[in-house]
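Q: Residue numbers (my numbering), protein chains in the order written: chain A, 2 to 455; chain B, 404 to 798.
If you are wondering where the hints come from, they were derived from the structure by calculation, not from laboratory data.
Just so you know, not all the hints are guaranteed correct.
What the hints assert, rightly or not - Chain A regions said to be covered by chain B (calculated; three or more residues, Cβ under 8 angstroms): (1) 34-44; (2) 103-114; (3) 130-138; (4) 186-199; (5) 276-287; (6) 322-336; (7) 413-423.
Heads up, the beta-carbon is just placed ideally off N, CA and C, and yes, glycines get one too.
So the chains spell out like this:
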Amino acid sequence: MFESLTDRFDAILTRVRGRGRLSEADVDDALREIRLALLQADVNLRVVRDFVGRVREELVGADLSRSLTPGQQVVKIVRQELVRILGGEALKVTYASRPPTVVLLAGLQGSGKTTAAGKLARWFKAQGRNPLLVGADLQRPAAVEQLRVLGTQAGVPVFSEPTDPVTVAKKGLEEAIRLGRDVLIVDTAGRLSIDAELMEEVRRISETVDPHYTFLVIDAMTGQDAVSTAEAFHRTLELDGVILTKVDGDARGGAALSVKEVVGRPIVFQSTGEKQGDFEVFYPERMADRILGMGDVLTLIERAEAVVDQAEAEAAAERLQRGQFTLEDFLEQMQQLKKMGPISGLVGMLPGIPKEIRDSQIDESMLRPIEAIIRSMTPEERRDPSIITGSRRARIANGSGTTTTEVNGLLDRFREMQRYMRQMTAIPGMGRKLDRTRGKAAKKAAKKKKNRGR
Amino acid sequence: MLILLIVLVALVVVAASATLVVTGRRRRSALPPDRTRAPLRGDTTTREAPAPGQAPTRAPPVEVPSLDAPPGDVEVVEVEPSEAEVAPEPEAEVLVRPRFRDRLGKARSLFAGYLGAVRSRDKIDVVTWDELEEALILADVGVDVTSTLLDALRARVRAEGITTPDALVDALKADLIAMFKGDRTLHLDKTLTNVWLFVGVNGVGKTTTIGKIGLRQAQDGHRVVMAAGDTFRAAAADQLALWATRVGAELVRGNEGGDPAAVIFDAVAHAAAKGAELVLADTAGRLHNKVNLMEELKKVRRVADREPGHVSEVLLVIDATTGQNGLIQAAQFAAAVGVTGVVLTKLDGTAKGGIAVAICAQLGIPIKLVGLGEGAGDLVEFDPTEFVEALFEEI
């Protein structure tokens with residue numbers, strides 16, 4: 002149920018059962034699906050082509066595993082390759098023997114460099130370092146002011162002056178040495194990769210401060226263009242790593258794969274929100290799942306954990322398994338669901354849902370009549386719908402502004418749902434998925450609960 | 404809490420198999436009723452400047468009703484233009500509105516070189532179609548819209564007997580241009596206090612766009628008030644303040660962390676009191692998948708639309724480098740606050756902005772403006788023919 006791509010492949014590859022290997026034709030069919038999924042995820046077309054070519058070799062003639070369906074096997078191999086590309090050797094930040102360690106940030110306008118600079122400062126501080134922020138973006142109105150505020154929030158000093166970016170960088174370095182700061186983070190203005198003059202400027206900044214780390218800051222929702230941007234910046238600056246921003250959005254994030262392929266340097270950090278603490282090490286597995294359109298389950302789980310009282314949820318789950326899940330429970334769960342975000346968005350995150358259903362506008366307006374009907378019931382009726390006779394039905398229908406037919410409909414559908422939900426709790430692997438994320442997600446959820454708001 | 408997911412899935416599956424509540428209940432349309440409000444009389448292209456000393460023709464300002472936000476939260480800081488006439492930046496002085504083609508130079512050449520190969524062939528074959536598909540996908544038009552376009556093109560080829568790649572490309576151009584429908588005017592009724600609300604995700608260029616539009620409107624003779632409705636981002640109001648000074652508009656700002664709706668309401672009240680007909684309301688960038696932020700935005704729009712304010716445009720700013728997520732952005736923002744038009748920014752880069760095609764084709768939201776740089780004058784009206792021609796033009 003949780004492997005939509007797998008299902009698609011299984012459907013295509015059913016005729017494979019009985020044979021020992023995947024034929025070329027089988028593989029081509031499967032790869033067409035992969036190509037589609039990757040393009041929809043914004044992976045650059047040329048990167049997709051190369052990727053598919055490589056995976057093809059692995060798939061053709063691959064022995065069919067006994068424990069996996071052909072579909073699962075294809076997905077497994079594809080995912081493995083994605084994780085390999087996205088991950089690979091992690092960048093371990095080491096510090097210069099002669100301080101300060103200089104970090105230069107570059108990228109397009111609006112990618113999130115200044116916000117990332119603030120976060121990096123905080124991150125370095127948490128590592129026990131004493132960073133200095135340098136505001137070398139003199140182009141964007143109030144960019145330096147923004148950095149100053151972020152610096153204050155992070156407890157890190159900020160240096161800038163209204164001269165020119167190269168001079169600011171140079172003097173910033175001198176200032177760091179003077180103050181005995183051991184890390185220097187240089188924020189630069191956003192610039193187009195085809196703006197020769199500005200690319201030359203950032204090259205000169207780089208030359209002036211000789212960074213130990215040059216990071217390209219790139220927006221996770223970037224489309225096909227990610228490749229040309231990354232290539233250009235890499236050519237000019239020789240990047241050491243990439244910072245992926247706005248990962249808390251719902252973009253599939255194919256840009257990450259494109260950039261990684263093209264630049265060959267690790268994605269070091271990901272920015273997962275607007276608060277300074279929303280900054281973490283990059284997780285290749287999560288991104289791989291997300292690009293394939295499968296990773297959202299983990300996001301869903303995280304979101305659910307953030308809104309729900311754990312003990313209560315477990316109690317409800319137990320009741321479900323014992324066949325005691327009532328309309329009351331259902332109503333309660335619907336309230337929690339609503340807190341997780343727009344229903345249509347949540348549905349979009351569920352893999353395994355066929356396109357027609359996904360597209361059929363399931364949203365809050367669907368929930369409203371259901372809620373109204375349940376609310377018009379007495380507690381006894383919610384606990385035991387079998388007592389709902391004609392007169393009760395009429396009362397409920399009136400109270401909720403619906404018809405008795407609709408009330409019946411809900412009761413029938415609820416019975417179906419109870420059965421269906423019982424089955425789902427029995428699926429193996431659910432527990433494992435839960436455990437894997439429990440630690441991390443629970444910590445995050447606890448933090449999110451504290452920082453309610455953004 | 405996995406139970407939540409179970410409940411969700413159960414809901415979805417069962418709901419899809421049969422409607423849970425059988426009813427004449429209307430499906431909620433993607434765009435709320437606000438959007439279909441009839442366009443107002445008058446638009447921004449009228450240039451008559453008010454005669455000096457002429458009193459503004461509008462109803463006297465209404466008493467400001469109390470708001471949810473605690474009073475005293477908002478400070479009205481008027482950034483008055485300097486004594487003499489407004490002294491904008493040199494680039495703004497010379498408002499030679501840039502032409503699409505000039506700025507799209509690089510992008511055009513990248514794309515055109517590509518299609519040049521297609522055109523030089525003497526017949527239409529599989530490779531031709533592959534290359535066309537590739538060109539469209541590389542432009543971020545998206546797989547679905549590309550398929551639709553090419554299927555239609557294939558039908559045209561059969562029906563019209565198109566045989567040369569040249570003619571094929573021309574036909575594709577024509578089909579693309581035809582995809583851009585909708586009312587592209589910016590609505591401004593001079594008898595009202597118009598509010599143009601700018602929305603979008605983080606980093607797309609909302610504030611910069613407001614600066615550019617402010618300049619144009621000021622030069623067209625309209626009195627503009629800017630509302631610093633981004634109360635979240637560090638120094639956001641400072642950024643807008645600099646633009647206000649640059650273009651000679653007034654600014655209303657509040658405290659950082661304050662209620663954005665209150666700021667915008669105050670800006671509207673101020674505009675009404677001063678006889679300014681246009682409020683350009685900035686909002687904080689927000690990811691559309693954040694419930695609480697979208698709820699906040701809905702409230703902002705509601706408040707902005709209260710008398711004496713009249714929201715006549717909700718402009719969604721979209722970055723031309725955005726991939727397919729742009730479509731989801733557009734859909735979600737439209738569903739939340741009703742989008743009357745898109746401003747496509749950063750089109751002077753290497754990105755082709757093909758997501759605009761998808762947005763127009765699938766959601767029917769018109770692209771009204773295009774941003775072509777960071778300068779105050781770098782804004783043009785969207786012209787489908789120029790957009791498509793510039794993309795396909797040979798160098």
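Q: All hints, please: hold or fail.
A: Cross-check of the supplied hints:
no.: 1; hint: 34-44; verdict: holds (count 5)
no.: 2; hint: 103-114; verdict: holds (count 5)
no.: 3; hint: 130-138; verdict: violated (count 0)
no.: 4; hint: 186-199; verdict: holds (count 3)
no.: 5; hint: 276-287; verdict: violated (count 0)
no.: 6; hint: 322-336; verdict: holds (count 3)
no.: 7; hint: 413-423; verdict: holds (count 5)
The earlier numbered hints that this structure contradicts are 3, 5.
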